[in-house]
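Trainee: Listed here are the chains, written in short residue letters.
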Amino acid sequence: MPWTEFVRGGLGAFFGALGFAWLVRTPRRAWIPAGLVAALVYLLYLGLVAFGVADPLAIFFATLAGSLSGQLCARKMKMISTVFLMAAIVPVVPGLGLYRMMAYLGQGSTALGAEQGVSAMITIAMTALGLAMGSHVDRAIHPSHWPHHG
Amino acid sequence: MIPEDTQNPGRCMEPLQLAGQIIMENGGETFRAEETICRMGEGLGLHEVESFAVPSGLFISYRAEGEQLETGIKRVHRQSTNLTRVDEVNRVSRQVSAGKMSAQDALTRLRDIARMKGPMAGGLSILSAAVCAGGFALLFGGWLPEVGVSAVVAAIVQAFSLLLLRFHSRGIATNILGGLLTAMLPHLAARLCPGLITEAVIAGALMPLVPGIAMTNAVQDTMRGDMVSGLSHGVEALLTACMIAGGALLSPPLLRLLEGGGF
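Chains as they are written, first to last, in the numbering used here: chain A, 1044 to 1193; chain B, 223 to 485.
Watch out, some of these pointers could steer you wrong.
[Claimed, not checked] Computed cross-link-like contacts, DSBU-like style, restricted to lysine-lysine with a CA-CA straight-line distance of at most 30 angstroms:
#1 B:Lys339 x A:Lys1119
#2 B:Lys296 x B:Lys339
#3 B:Lys322 x B:Lys339
#4 B:Lys322 x B:Lys296
#5 A:Lys1119 x B:Lys322
#6 B:Lys339 x A:Lys1121
#7 B:Lys296 x A:Lys1121
#8 A:Lys1121 x B:Lys322
[Stated by the list, open to error] Here are some, though not all, of the chain B residues that point toward chain A, as calculated from beta-carbon distances under 10 angstroms:
#9 Gly250
#10 Ser347
#11 Ala352
#12 Phe358
#13 Gly434
#14 Ala440
#15 Leu480
[Said to hold, decoys possible] Stretch by stretch, here's where chain B covers chain A in the computed footprint (C-beta under 8 angstroms, at least three residues):
#16 1049-1060
#17 1090-1102
#18 1136-1143
By construction, these hints were calculated from the structure, which means they are not laboratory data. Glycine included, each C-beta is placed from N, C-alpha and C at the ideal position.
Make the full structure from the sequences, and use the hints.
Mentor: Put into structure tokens, the structure is as follows:
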């Protein structure tokens, strides 16, 4: 995978998540960390794929890392974790896959549309699994966890 | 400071209800609302503080020193997403639970938070949607032309959402029309700018419409064993995605119609 893909992916995830955080009116001091969490998730995903890891597994591990780093950011900054967890999942939302599914279905290519749809559903499931696992691990490490710490 | 609040338990119900209401109306998780209410109640010196929240309402009960059990219900109407408000309520809750803020001060502060500028007010949300779409267009394989067009398309869609909001229309109309415009405008732009990667433009411009908060909340609530809220947020995310997809699916036949072909 060419290095330009990493630059493009990292920058895209950073600015995309930053814009999303701004759109849902997160506090200003969370914008840059949210962007960095998103960039980390996407770069990790690209790195794992480049090392030959299967796509669903790469998404799971990247989201897990994003979930854990998001919880850490929330605790360090004494903010709600939603801000950072949202940033962790947004870059791996299968936007392109869902668009392709709709485009194929719109053209009447049901089989191709279904293929894209199943792939997008697997991505969503892996994202949810990674996020949930991250939350679970964080709660196991910090049993006294309550909303003021994320 | 705390005992004077508990002498009048009615004064404690309002800040507790308002704290929960603000969290849930602005995109916070139900478990967060429940825990915030309990912690604030304990900080105000109340006993047997219990809260039960579902996405459409709050139930709170507590017992003040030497008083009967006090119970309150609050209907919650989901408005929009403003995580700054949720975070500000969290700050108030920290102070109350540490015994540094009285019920009256908390109520005053919470009323200020509830009056904070709404998320859809002003042109800043248009700019934020443009930044979001531009970034994701880059991520989906676009370069400068795709980033620019995606940002413009997202800005138009966001402006359109603001316009619909003036007519008290949100949800269904915003998502379906948003999906339709997001899928249609890049194809029109491609006529003016040949070579444009429309796929990256559309996927990028769709991202500001993605129900990211509902997806996060669904997982968070489910992980804490709150299946009702988890399922509710999950269904909300699914329905929003279906409406956006439905809008986008209307785009090809409409484009064919504009080109003079059949529907």
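Trainee: Does each hint fit the structure? Answer for all of them.
Mentor: These are the hints, each one checked on the structure:
1. B:Lys339 x A:Lys1119: Measuring from Cα to Cα gives roughly 27 angstroms; hence the hint holds.
2. B:Lys296 x B:Lys339: holds (23 angstroms)
3. B:Lys322 x B:Lys339: holds (26 angstroms)
4. B:Lys322 x B:Lys296: Given that 30 angstroms is the threshold and the Cα spacing comes to 26 angstroms, the pair holds.
5. A:Lys1119 x B:Lys322: holds (22 angstroms)
6. B:Lys339 x A:Lys1121: holds (23 angstroms)
7. B:Lys296 x A:Lys1121: holds (28 angstroms)
8. A:Lys1121 x B:Lys322: Holds, at roughly 17 angstroms.
9. Gly250: holds (7 angstroms)
10. Ser347: holds (6 angstroms)
11. Ala352: Constraint on Ala352 of chain B satisfied, holds at 7 angstroms.
12. Phe358: holds (4 angstroms)
13. Gly434: holds (5 angstroms)
14. Ala440: This hint holds: Ala440 of chain B lies near chain A, its Cβ roughly 8 angstroms from the closest one there, short of 10 angstroms.
15. Leu480: violated (15 angstroms)
16. 1049-1060: n = 9 at 8 angstroms, threshold three: holds.
17. 1090-1102: violated (count 0)
18. 1136-1143: holds (count 6)
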